[in-house]
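Asker: As a plain string of letters, each chain reads:
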Amino acid sequence: MSNEATLHSQHEGVHGAMTHDHHDGHGHDHHHEDSFISKYIFSLDHKMIAKQYLLTGIIWAIIGALFSVLFRLQLGYPDATFPWLESILGHWAKGGRISPEAYYALVTMHGTILVFFVLTAGLTGTFSNFLIPLQVGARDMASPFMNMLSYWFFFLASMVMMSSLFVQTGPASGGWTSYPPLSALGDASIGSKIGMDLWLISMALFIVSSLLGSLNYISTILNMRTKGMSMTKMPLSIWSFFFTAVLGVLSFPVLLSGAILLLFDRHAGTSFYLSDLFVAGKALPNEGGSAILYQHLFWFLGHPEVYIIILPAMGMVSEILAVNSRKPIFGYLAMVGSMFAIVILAFLVWAHHMFVTGLNPFLGSVFVLLTLLIAVPSAIKVFNWLTTIWKGNIRFTPAALFSIGFVSTFISGGLTGIWLGNSSIDIHLHDTYFVIAHFHIVMGVSAFFGMFAGIYHWFPKMFGRYMNNTIAYIHFYVTLVGAYLIFWPMHYEGMAGMPRRYYDYSTWESFKQFAELNHFISSVVIIVFFAQLLFVVNYFYSMYKGRKVTELNPWGATTLEWSTPINPGHGNWPGEIPEVHRWPYDYSKDGVDFIPQTTPVGAHESKH
Amino acid sequence: MSGFLAVLVVVLIFVVIFQISKASEYVSILKGEKNARSQSNRINGFLLIAFLILGLIGVWWCNDLLKDKILGEAASDHGEGIDQMIYVTLAITGIVFVATQILLFWFSFKYQEKEGRKAFYYPHNNKLELLWTAVPAIVLTVLVAFGIRHWYRITSDAPKDAMVVEITGKQFNWLIRYPGKDGLMGRKNFHLINEINNPVGQDWEDNLNKDDFMATEMHLVVGKPVKLIIGSRDVIHDVGLPHFRLKMDAVPGIPTTLWFTPKFTTKQMKEKTGNPDFVYEISCDQMCGVGHYSMKANIIVETQEEFDAWYAKQKSQYDIAHADDAPAAPATEAKPAADSTAAKKVVAEAKH
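Residue numbers (the numbering used here), protein chains in the order written: chain S, 1 to 608; chain F, 1001 to 1352.
Bear in mind the hints are in silico, worked out from the structure with no lab data behind them.
Nothing here was measured: the structure is a model prediction, and the numbers come from that model.
By construction, the Cβ of each residue, glycine as well, lies at the ideal position given by its N, Cα and C atoms.
Hints may be right or wrong, so weigh each one.
[To be verified] With beta-carbon atoms standing in for the labels, derived distance ranges:
{"hint": "1", "chain 1": "F", "residue 1": "Lys1272", "chain 2": "S", "residue 2": "Asp79", "range": "27 to 33 Å"}
{"hint": "2", "chain 1": "F", "residue 1": "Ala1050", "chain 2": "S", "residue 2": "Arg547", "range": "25 to 31 Å"}
{"hint": "3", "chain 1": "F", "residue 1": "Asp1068", "chain 2": "S", "residue 2": "Thr81", "range": "29 to 35 Å"}
{"hint": "4", "chain 1": "S", "residue 1": "Ala515", "chain 2": "F", "residue 2": "Glu1080", "range": "25 to 31 Å"}
{"hint": "5", "chain 1": "F", "residue 1": "Glu1080", "chain 2": "S", "residue 2": "Ser230", "range": "53 to 59 Å"}
{"hint": "6", "chain 1": "F", "residue 1": "Val1098", "chain 2": "S", "residue 2": "Arg547", "range": "36 to 42 Å"}
{"hint": "7", "chain 1": "S", "residue 1": "Val536", "chain 2": "F", "residue 2": "Ala1050", "range": "24 to 30 Å"}
{"hint": "8", "chain 1": "F", "residue 1": "Trp1060", "chain 2": "S", "residue 2": "Ser230", "range": "47 to 53 Å"}
{"hint": "9", "chain 1": "F", "residue 1": "Asp1077", "chain 2": "S", "residue 2": "Ala515", "range": "30 to 36 Å"}
{"hint": "10", "chain 1": "F", "residue 1": "Ser1156", "chain 2": "S", "residue 2": "Lys607", "range": "54 to 60 Å"}
{"hint": "11", "chain 1": "S", "residue 1": "Thr81", "chain 2": "F", "residue 2": "Ile1013", "range": "24 to 30 Å"}
{"hint": "12", "chain 1": "F", "residue 1": "Val1007", "chain 2": "S", "residue 2": "Ile260", "range": "44 to 50 Å"}
{"hint": "13", "chain 1": "F", "residue 1": "Val1007", "chain 2": "S", "residue 2": "Lys94", "range": "20 to 26 Å"}
{"hint": "14", "chain 1": "S", "residue 1": "Thr81", "chain 2": "F", "residue 2": "Ile1095", "range": "44 to 50 Å"}
[To be verified] In the SDA-like style, the derived pairs of lysine to any residue whose C-alpha atoms are separated by at most 20 Å in a straight line are:
{"hint": "15", "chain 1": "S", "residue 1": "Lys512", "chain 2": "F", "residue 2": "Lys1067"}
{"hint": "16", "chain 1": "S", "residue 1": "Lys545", "chain 2": "F", "residue 2": "Val1015"}
{"hint": "17", "chain 1": "F", "residue 1": "Lys1114", "chain 2": "S", "residue 2": "Asp593"}
{"hint": "18", "chain 1": "F", "residue 1": "Lys1270", "chain 2": "S", "residue 2": "Glu509"}
{"hint": "19", "chain 1": "S", "residue 1": "Lys391", "chain 2": "F", "residue 2": "Arg1117"}
{"hint": "20", "chain 1": "F", "residue 1": "Lys1296", "chain 2": "S", "residue 2": "Ala496"}
{"hint": "21", "chain 1": "S", "residue 1": "Lys282", "chain 2": "F", "residue 2": "His1191"}
{"hint": "22", "chain 1": "S", "residue 1": "Lys512", "chain 2": "F", "residue 2": "Leu1065"}
{"hint": "23", "chain 1": "F", "residue 1": "Lys1267", "chain 2": "S", "residue 2": "Glu509"}
{"hint": "24", "chain 1": "F", "residue 1": "Lys1034", "chain 2": "S", "residue 2": "Asp593"}
{"hint": "25", "chain 1": "S", "residue 1": "Lys512", "chain 2": "F", "residue 2": "Lys1069"}
{"hint": "26", "chain 1": "F", "residue 1": "Lys1267", "chain 2": "F", "residue 2": "Ala1309"}
{"hint": "27", "chain 1": "S", "residue 1": "Lys391", "chain 2": "F", "residue 2": "Phe1109"}
{"hint": "28", "chain 1": "S", "residue 1": "Lys589", "chain 2": "F", "residue 2": "Tyr1122"}
{"hint": "29", "chain 1": "F", "residue 1": "Lys1067", "chain 2": "S", "residue 2": "Glu516"}
{"hint": "30", "chain 1": "S", "residue 1": "Lys391", "chain 2": "F", "residue 2": "Trp1106"}
Given the sequences, and given the hints that come with them, work out the whole structure.
Answerer: Take a look at the structure:
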């Protein structure tokens, strides 16, 4: 079948769907009347739940980014005062200068919000929910009700975390990792009072949400694929969501146990993490605990967590690069295999966060080996992406640009991982700005680029409208250039040993030479922040007023989601769920621009 | 007023960008999708390659601006090894960085969509994939081998003749204890801590404690190995020694150690760096609370003679605690009220 003919047959499909007629005999009755509440609030439709996640994620992202702007003000302009800060923060910014207490609260909340609420829930929650049923050919998730619960637990977690911002002693302020004893003792830090309890409760709710979501994703992918959709015919995005969910299910419960023990230490007089302490003028009764135990429990999740963040971005970028290069992804099986290797290794490297805790040196060397091994699957992925665009016919849609940006930042940030994973180098660079540069580039900026790519690419499927390209291009270039301007020079600060999480460097003979640089970085941060607001404006404007999508398959993609109507209802396909006959990457095969997965394999087709 | 103006300017810029973007969308609809796409493709292709070139120049320029602001030569023997590792890793990752970024942006530019171009159907090639699995694996093995060799050297046992110094972290400063003439540290117990005259909780029953003394600065002898015994009284801290390239957490209840040999005296470093104010600083590298950023102590590296002269002047903590010849009262009961005010004072100082 020619490409033209495919498009025409799909166009006919649209008009049928748009009228929302009754379709009988397909097993699912998905045309009951929806009230406002069941459609937009307690929705069971995976697409609506995805949008709820995205909306919540965007709100959190704005707050998290704003917090970074606030503490960068302190770092970049330590001598300046901003009276407006006092008007919004009150006694946390007396005289227009952020207090150390507020600074540490902002830093902690920035990390917590971005890592968990935006890049875990906002990213996976949005795209796993949106794409899994659409791309594997299912009417909804395995359990739509559990899916709804997953969102509402996330919402509850969000509310608890949000409320901690308003308690008198402020939110948690011991860093996003919340190491005890600092986080266990209210006398050691003002943020370890009620704010820390709220943090722990919020995280517990968040973990419940994540588990409900992940179990659903796994069972949907394993059990509800449409006819013909074998595992090796799944798009890489689905593989990445699958691996992400597996990681989450296996590692998040460990964080929950760590958090519960911490709650016990705080309120039940136990000593899991506490021993030999003299705080606020008196010796505490706790003996025999180990503060390091918490770090093991935390990083057993904490490290897989960074792959939970980056894997979905990898999957979506693979998909988007293939579509926009009009070429199959290079080395499909190697891409799946390397993701699998990353999942396995993700569980075996956590102690590389703990090289300087007094860890047994032999154990340390094992973790060096396993950590650097991760560079191998990562390298495979990078080279495969490069080969995917090689000899392609690339369309620079905003999604494609963000995908290219993703590969660029993933390379830059990934390579510095080889530095930090090597324990002898880590001794010097541990907890310095080098680490900040490394993880912000590789999992902050990269994951955001993956998320932006996903939003720009699937926006037409979500809302039946396009986002504005010109704003998207401005957004892309400002963010790409800005991200490098912000984080690249931080490597140098780190090589000078400049520690993270300092409120002020001016009294340090070893670090004060970077005052000018910090000033520069903070200025760029403000510009990049406003560029993100451009994206937000574009998103909301386009949702209601964007150019309407008029063709079923605007990007010329092969995957199943583009065989649904432009605005699919609950149940996704008005008729039968289409059957799949081929893998999702038949682009430019035998001179045909693309062959949808639903097209049967022709007799004379070449094999791949 | 200026704040109001700033907001106004930002809003105006937003409106302008927005209007231009809307207008360009209408233009592209008028032009037809195909024309609009090929035009935006050309512009983006150009911008990507421009980003590559300017970016690489920027990397060089950034290095030029900042290379003199990092720490210079490592001031310990372990530090030399770490610097060597950094250079080897920098060379390898630097080559990969430049090569892959060039390929990425060059391919993007070169293979942008053009009329009449056909993408090349190239789903896989086992040989190529094997190549770029094997080569990184081999290179990484080399890096791991070198890294672990340095790691074992740094984490090895300290030489027998090493000087021993104890450093204890508390919110928010460092407590430094020397073992005195006998060269042995006395026992300590956190229940005996007393802000006024027994900050680390020395057990006065232990005779080894009689000559131990506390110092406000850490004095070390150039060329002589030193072993640090690191601990904490309250939360986790970290002894950060940027010039020596070393770092070790201070964990309550679990002592850690670290040893190294300083190579240059403070005086020599002043000359080397050309900075008359140069000082070896101990920074706290593990988030420890509101005064984290101010938790500092200085190290003075000097010659054996200078060290001996300083050493001779030190007064043991036992003598300070028993200055009034008062009986060694159990420290736990010693005026908790006074203790907490002392603690508060420290916090207050840290805030300034």
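Asker: Let me make sure I understand: some of the numbered hints might not hold for this structure. Which ones are they, in numerical order?
Answerer: The structure breaks none of the hints.
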